[in-house]
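Just so you know, the protein sequences line up as chains A and X, in that order.
My numbering applies: residue 1 is where the first sequence begins, and numbers increase by one.
My numbering applies: residue 1 is where the second sequence begins, and numbers increase by one.
Among the hints, a few may not be true.
As a list, the in silico DSSO-like pairs of lysine-lysine whose alpha-carbon atoms are at most 30 Å apart [stated by the list, open to error]:
id	chain 1	residue 1	chain 2	residue 2
1	X	K388	X	K452
2	X	K63	X	K205
3	X	K455	A	K134
4	X	K97	X	K114
5	X	K114	X	K63
6	X	K522	X	K577
7	X	K455	X	K114
8	A	K134	X	K502
9	X	K63	A	K134
No wet-lab data here; the hints were simulated from the structure.
Note that the coordinates shown come from a computational prediction; the quantities given were computed from them, not determined experimentally.
What follows is each chain in one-letter form.
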Amino acid sequence: MALLGGTLTTTQLGLLGNSFAAIAEDASPRFLCLKQFTMLSRIADLIIPETDTAGALGVGAPHFIDMMLADWASPQRQAEYVAGLDSIDVRARDAGASSFLASTTEQQMVLLRALDNEFFAEHSTDPFFGVLKKMVLFAYYSSEIGATVELRFQRIPGDYLPCVPMADDSHAWFWSQYNYAL
Amino acid sequence: MRGFGANTTMPSEISNDFDAIVVGSGISGGWAAKELTERGLKVLLLERGRNVTHRQDYVTEGKAAWEMPYAGQIPESLTESDYAVQNQCYAFSDYTKHFFVNDRENPYATPDNKPFSWIRGHQLGGRSLLWHRHSYRLSALDFEANKLDGHGTDWPIRYKDLAPWYDHAENFAGISGSHEGLSQLPDGVFQPPFPMNCVEKDIKKNIEAAFPDRKLIMGRVAHLTEPTKEQIALGRSRCMNRDECQRGCSFGAYFSSLSATLPAANRTGNLTTVTDAVVDSVIYDSDSNRASGVRVVDANNHEHRSYGARLVFLCASTLGTTQIMLNSTSERFPNGIANSSGTLGRYLMDHIGGVGASGVFPGHQDMYDAGRRGGGLYLPRFRNVMDKDERFLRGFGYQGGAYRSSWSRGNNTPGIGIDFKAALQRPGPWTFDMVGFGEMLPDERNHVRLSKKNKDSWGMPILEIDCEHRENELAMFDAIAADAEELLNAAGLTDISVNQDKAAPGLMIHEMGTARMGHDPKTSILNKFNQAHDVPNLFVTDGSAMTSSACQNPSLTYMALTARAAAAAVEMLQEGKL
């Protein structure tokens, strides 16, 4: 099974901010409904955007996460994502928008930053944004582009070099984590 | 489907007349097979799990995350239904789960509020495929500990008895490490150690300057760094620094039964291996007072059969061996073979662990490392070595290491967007962590027994495991945490956090002691050659033989004890004593 099965291209990415419905119709999520999937895509894009390297959309993270929810996640986990995405939509409406997806990019960033700060606050009660962010990071950095272009990966290092000078453009190493709990 | 290892034969074709039967193919069983076949004995090796062929069956070896279903994650419902215990092991993942047992199919029982995490690998090679590879000698201090403080019974051997067998084990297995001249952690036959990175070197210097009685050394690990001719002849080569050992290593760079002992045994032409053979019990012949063979249940079709031999070596892991022995009842031994003392199943120990500390090293921001070193550092025991500690008996060591954190620190870092992504692209702070490994006292109350109600699907009464940390362990946990914090402060770390989460008994995967060695047949199961006091041709050389646990990772000691016992058994056999 390929992780990089995403169908969103960087060309489509450019459309995302404007034409969610068109993208959502093109995509064929297996677990999430179209609206949730489009929200997930937008959130993933805002957490890990395209820069000089591909972002979450460029590696197919939304499709990967949807596949994980369909085939990997427990029923409780599935329910957590459905409720969590809905609650983000509620927060967007509370802020005056008609929906999260109808908000401007700036409004979306303000909301996600607020959710991120709330997650790290001392008495955080809603862990969902942290769960979602962790999943987006996992999807991105576990992809071939994430591990080998964004980061660096050696399948068979050969030697252990204990002290290597870093250059200004040295990227972190990717390695597969032991028993990594999502 | 039935699986057989290399040089194996269908059960129906196997003669019923072996010199020796070895039960279990993990670290101890592999060594028993090697040592006995090399001394000319015809050996039948029985493994309850499936065959695993070195290289060919390392199905996830070298695979990157994006080449795995779910990027290396196991479906959550499957983990919950089938691997609830095994999932507690650090090495358990979708890359390795085929080398762990299915918990649903391999039940055991524990009292409420006394969890015991029984981590198992039922396949040819057993847990030698999965181990953490740290390999340390016990010291004179360890073999004298029980006698000195009165806990447990006295070891019937001393360090000098085992020292030449440690040499033998290290020489064959291939242990990399440094010579340090420490009385509490004797040096051995080492290949060159892995190097320390810059931060580790600084931390070593700082700790050793602050505490003259403490040393931070490179871990002694069963990774080849400079293979011998013998190791190369067995198809082994040096470590490639992938740190994915538990998936299996086609380089044969870490010691396992599949990379080392079984190829050595097979090349003698004296080894027959049968997998999928669950040993139910040892057959006792009262006329001769000997073990005459073993009863086996076929793992797949559940048919019963038996094998005979002049010598039986039980190497089925501590609790596996104990379960077989308890289930081997006869008129003479109604409570388990060789159990006239009643100590079989008692004095269960594991190391204590989980507690430690971590912090951030502020220097060397312009340096990092390359390659994934499979072994970390070791800080040998320093408590109750020269001075007596009033808080607890015995001691503990630490394992640890320094590394620059990678992308997953993003989970614990506020932020999203372009700057966040750019930051995660760079190596993170130098992080150093250390976790304690402490000695657990032998205590009669920590025990296993056979269930009177429940059997597994092979008809074996399941084990009831009743084990808990007691006063000495709890006091030691506190010291492990406090000393870790003090050490990391002295090391110059910042943002130090102490982890107080105690691992449940079993989870250190160093379970031992339930068929202990001792001088006295009235209070122990095995004599100084791992030979059953009661049944002279029955030998037990896995962790169940351990009279005390010390605090060092024990596998190297099992290797040495097994080789020593095999040599003694063959000598006795040749002298007609068995």
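Now for the hints, and whether the structure bears them out:
For a cut-off of 30 Å, the pair hint linking K388/X to K452/X is broken: about 45 Å separates their Cα positions. Only pairs whose Cα atoms come within 30 Å are accepted, and K63/X paired with K205/X is rejected, the gap being roughly 38 Å. This hinted pair does not check out: K455/X and K134/A have alpha carbons roughly 42 Å apart, beyond 30 Å. Proposed proximity of K97/X and K114/X is supported: the alpha carbons are some 25 Å apart, at most 30 Å.
Between K114/X and K63/X the alpha-carbon distance is near 38 Å, which puts this suggested pair outside the 30 Å criterion. Taking the CA atoms of K522/X and K577/X, the gap is near 22 Å; set against the 30 Å cutoff, the hint holds. A C-alpha spacing of about 21 Å is found between K455/X and K114/X, which places the hinted pair at or below 30 Å, so the restraint holds. With a C-alpha separation of about 26 Å, the suggested pair K134/A and K502/X falls inside the 30 Å cut-off, and the hint holds.
Only pairs whose Cα atoms come within 30 Å are accepted, and K63/X paired with K134/A is accepted, the gap being roughly 22 Å.
Checked against the numbered hints given earlier, the structure breaks hints 1, 2, 3 and 5 and satisfies all the rest.
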